[in-house]
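Asks: This is what each chain is made of:
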Amino acid sequence: MSKDSLSHIIKVVFLVLFISFILDKIVFHLLNKVSDQVFSGQSIGKLNHYLKVKDELDLIVFGSSRANHHVDPTLLTTPSFNMGVNGKMIAYFATLMKLLPKGKEQIILLHIDPSNAYINYYKAGDLRFLSTKYNRYETIKMETDRMGQQNILQKFYWSLSYNGMILGILKNYFSPNYDYKNYWGYDPIYPSNPQRKIFEEILKTEKEITCQDTLTLDEIHQIYLEEIKLFCDKNNKQLIVFTSPEYNDNCKNDNLQFSALMKKMGFTYYDFSDFFKTNNSISYWKDKLHLSNKGAEIFTQEMKRIIFE
Amino acid sequence: MLLLSSYFFYACWDWRFLSLIIFSSFVDYSIGLKIYNTEAKDKRKRWLWLSIGTNLGLLAVFKYYNFFAESFAHFMQTLGWQPNDLTLTIILPVGISFYTFQTLSYTIDIYRKDFKPTQNIISFFTYIAFFPQLVAGPIERAVNLLPQIEKKRSIDKELFNEGLVQFFIGLFRKIVIADTLSAYVDAVYINVGFHDSTTLLLATFLFAFQIYFDFSGYSDMAIGSAKLLGFKFGQNFNLPYFSKSITTFWRKWHISLSTWLRDYLYISLGGNQKGKLLTYRNLMLTMLLGGLWHGSSWKFIVWGGIHGAALCLERILRNRSFWRPLQRFHLLGYLSTFSIVLLSWVFFRANDFDDAMFTVKKIFQFNFSAPFIPDRSLLTNTAICLFLGILFDFYLFRKKIDLEHLGKKMNLTQIVILLSILILLINLFYSTALNFIYFQF
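Sequence lines, in order, name chains A and B. Going by the working numbering, the first residue of the first sequence is number 16, and it counts up by one from there. Going by the working numbering, the first residue of the second sequence is number 77, and it counts up by one from there.
In isolation and in its complexed conformation, chain A is listed as follows:
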């Protein structure tokens, strides 16, 4: 290779790295400015909203979409907030829980699906959804690094934190989905006719499933369950773990084993998976795992009666 070519290659590589680094930082800080003003939408608005109100809440619901769509916290008590987010699991909400104020008395309703506690592929990847706050919250940084969820490139290109979120952020910045001051995190589902039809089709063509006999508790669940328990005991939080209803949960091994585990670890636990078993109607459901607004309302009322009264 000629000297001229070599110097050209070095120049191109250096300049691309330098300019892309500068551009990345400018965009990252601009996005921080914009996203901090966003309080609606599931990807970042809800997280910002939670971080804004968390210190004043009496009750917080944590969990996946099944917590988000099933529990209306305002029916339980106020001020309260449902921090259920689609696809998120224990690492995500345990980290958010650790951001709660230390001494304030608060009730925490934590939704866990026993089937998720016994999977062996969970790597706490949901922590990546907190990456926009990585550089601003020590707890989030610590948990993300501890679980090895920081993208190595992210140390150089910070805007990777906003991967896949830009359109949502811009949309919610210019035209918020809702007025967040009247929103408490609960998102009821109103199934459309096509959705109902699809669900009916699924039920018709349902195949028999094989249940797993041997179940091993996922290591990450074990770690976070212990830490959550300790955090709540130390910080004046009343922690209640629960499992949401399912249309027809045919495998009960995981529920039984999880129930025993909760008892052994000293958690207050309610398994509502068969809640609608004796009084079921398709109108209570959007699909096999998610309740409709109608089902969610009945469930929250009953939950209130069983847990709080």
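Since the hints were derived computationally from the structure, they do not count as laboratory data. Quick caveat, the model's predicted, so the values are computed rather than measured. Positions of the beta carbon are idealized from the N, C-alpha and C atoms, including for glycine. Misleading hints may appear alongside valid ones.
[Claimed, not checked] A few chain B positions that, by computed beta-carbon distances, are all more than 12 Å from chain A: (1) Ser106; (2) Phe138; (3) Phe144; (4) Asp232; (5) Leu407.
[What the hints assert, rightly or not] With a straight-line cut-off of 30 Å between C-alpha atoms, the simulated BS3-like cross-links for lysine-lysine are: (6) A:Lys119 x A:Lys279; (7) B:Lys192 x B:Lys308; (8) A:Lys18 x B:Lys484; (9) A:Lys252 x A:Lys319; (10) B:Lys227 x A:Lys18; (11) A:Lys26 x B:Lys328; (12) A:Lys222 x B:Lys437; (13) A:Lys222 x A:Lys48; (14) A:Lys219 x B:Lys438; (15) A:Lys18 x B:Lys485; (16) A:Lys117 x A:Lys309; (17) B:Lys320 x B:Lys192; (18) A:Lys309 x A:Lys222; (19) A:Lys222 x B:Lys438; (20) B:Lys485 x A:Lys212; (21) A:Lys18 x B:Lys233; (22) B:Lys189 x B:Lys308; (23) A:Lys18 x B:Lys328; (24) A:Lys267 x A:Lys212; (25) A:Lys18 x B:Lys189; (26) B:Lys189 x A:Lys26; (27) A:Lys138 x A:Lys170; (28) B:Lys328 x A:Lys303; (29) A:Lys292 x A:Lys303; (30) A:Lys26 x B:Lys192; (31) B:Lys437 x B:Lys308; (32) A:Lys303 x A:Lys319; (33) B:Lys475 x B:Lys437; (34) A:Lys244 x A:Lys113; (35) A:Lys26 x B:Lys438; (36) B:Lys475 x A:Lys26; (37) B:Lys308 x A:Lys26; (38) A:Lys212 x B:Lys484; (39) B:Lys228 x A:Lys26; (40) B:Lys189 x B:Lys233.
Chain B: place on chain A using the hints.
Replies: For chain B alone, kept in the frame of chain A given last:
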């Protein structure tokens, strides 16, 4: 060094199948020399058949055994017999279809006296296993690649610029555009029974661009990274959806495969030199086998069949007096070609043949209503990515710019700005990387 790094690259997937590449390379290296050193035609032919038999034999066992076993069992069942289960659990070695075609072209070229075999075994083994093109092509001919491996290479400014620009554009096409489009396509094709004509048509339309940006993106990365190492590969895609006929489409789509099929299958069968009927037969056979090359399933054979039938039809119509005036309407040509390609993609994407037939029937029921929208932001992302992808291709088409040489035409400032923006866009919009579609072949 190149050979070791290529073998390491392949071993990262599964080291056990390295033995298969080494065996295949050794067989063709030896046979290539045998053919070259033998004068008698029948002996040369015997050596050639040994090479073809060995290569296709390996392909048949690893890729097609279960397909033929299942088809045989199905046929026997229709005759009233119930054969035992003949299928085996076989792992498909990544890239086998691609390197088999490379080894075959090497021995056939030597047999045809188009190419002189190399004496250097390391060079030959590197030609077969060269990592940028090992797992999903482009299918490089020995006549192009081997001399480059054997001579001293140097990277000049222009080649470096070309490679860098092509690599990053390929990366963008793959992980931003194709992978974003795949989310909607997968959500629909996972269960076609739930959807109406609109949704199925929309998903197929998006798949047409998903597979294009996926495979052309991969090819750009392969060609671009080869350029960064000082190698020049042939072009593999040339804006195929800007084609006014299926014949033109195949001159622009997966060029390394279509020219391979033309040179080693179509021409070997007689090409267009033996009369009209045999020309049509040769076209159909070439495309049916081209379909089968993609995968061991009837749906790929039908996919090839659709293209073969369209190529025959174009040939039939080409000289008809009523057809010539119609060819002046370019837009009609683009639309009809894209429609045929779209129909064929249903067979390519569907989970199996039954799903494909169901989808085609459902689309042609013309039962249109609002499409299925699983997630609005996903659809917005999809629309923006598709728009960007098409816009860029349209720009290249209008300006008659070859992506292969885009980098050569840019100065330092333009390259730095383009790459910095591409890196930023990739960071902000890349989708969770899925497997490359063509890795399965």
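Asks: None of the hints should be skipped; say for each whether it holds.
Replies: For each hint, the structure was consulted:
1. Ser106: 35 Å, holds
2. Phe138: 28 Å, holds
3. Phe144: The assertion about phenylalanine 144 of chain B holds, with a minimum of 29 Å to chain A.
4. Asp232: 5 Å, violated
5. Leu407: 32 Å, holds
6. A:Lys119 x A:Lys279: The given pair, whose Cα atoms are some 27 Å apart, holds under the 30 Å limit.
7. B:Lys192 x B:Lys308: 20 Å, holds
8. A:Lys18 x B:Lys484: With a Cα-Cα distance of about 19 Å, the restraint between lysine 18 of chain A and lysine 484 of chain B holds, given a limit of 30 Å.
9. A:Lys252 x A:Lys319: Holds - the C-alpha atoms of lysine 319 of chain A and lysine 252 of chain A are around 18 Å apart, at most 30 Å.
10. B:Lys227 x A:Lys18: 20 Å, holds
11. A:Lys26 x B:Lys328: Violated, at about 35 Å.
12. A:Lys222 x B:Lys437: 25 Å, holds
13. A:Lys222 x A:Lys48: Answer violated: lysine 222 of chain A to lysine 48 of chain A is near 50 Å, above 30 Å.
14. A:Lys219 x B:Lys438: 20 Å, holds
15. A:Lys18 x B:Lys485: 21 Å, holds
16. A:Lys117 x A:Lys309: Distance of about 36 Å is beyond 30 Å: violated.
17. B:Lys320 x B:Lys192: 38 Å, violated
18. A:Lys309 x A:Lys222: 27 Å, holds
19. A:Lys222 x B:Lys438: 24 Å, holds
20. B:Lys485 x A:Lys212: 56 Å, violated
21. A:Lys18 x B:Lys233: 11 Å, holds
22. B:Lys189 x B:Lys308: 24 Å, holds
23. A:Lys18 x B:Lys328: 38 Å, violated
24. A:Lys267 x A:Lys212: Status holds; Cα separation ~28 Å.
25. A:Lys18 x B:Lys189: 41 Å, violated
26. B:Lys189 x A:Lys26: Between lysine 189 of chain B and lysine 26 of chain A the Cα gap is close to 46 Å, so the pair fails against 30 Å, i.e. violated.
27. A:Lys138 x A:Lys170: The hint holds at about 20 Å.
28. B:Lys328 x A:Lys303: Between lysine 328 of chain B and lysine 303 of chain A the Cα gap is close to 47 Å, so the pair fails against 30 Å, i.e. violated.
29. A:Lys292 x A:Lys303: Holds - the C-alpha atoms of lysine 303 of chain A and lysine 292 of chain A are around 12 Å apart, at most 30 Å.
30. A:Lys26 x B:Lys192: Measuring from Cα to Cα gives roughly 41 Å; hence the hint is violated.
31. B:Lys437 x B:Lys308: 45 Å, violated
32. A:Lys303 x A:Lys319: With Cα atoms ~23 Å apart, lysine 303 of chain A and lysine 319 of chain A stay inside 30 Å; holds.
33. B:Lys475 x B:Lys437: 40 Å, violated
34. A:Lys244 x A:Lys113: 11 Å, holds
35. A:Lys26 x B:Lys438: 56 Å, violated
36. B:Lys475 x A:Lys26: 29 Å, holds
37. B:Lys308 x A:Lys26: Holds, at roughly 23 Å.
38. A:Lys212 x B:Lys484: 56 Å, violated
39. B:Lys228 x A:Lys26: Holds, because 24 Å separates the two Cα atoms, which is no more than 30 Å.
40. B:Lys189 x B:Lys233: Given that 30 Å is the threshold and the Cα spacing comes to 36 Å, the pair is violated.
Checked against the numbered hints listed earlier, the structure breaks hints 4, 11, 13, 16, 17, 20, 23, 25, 26, 28, 30, 31, 33, 35, 38, 40; every other hint is satisfied.
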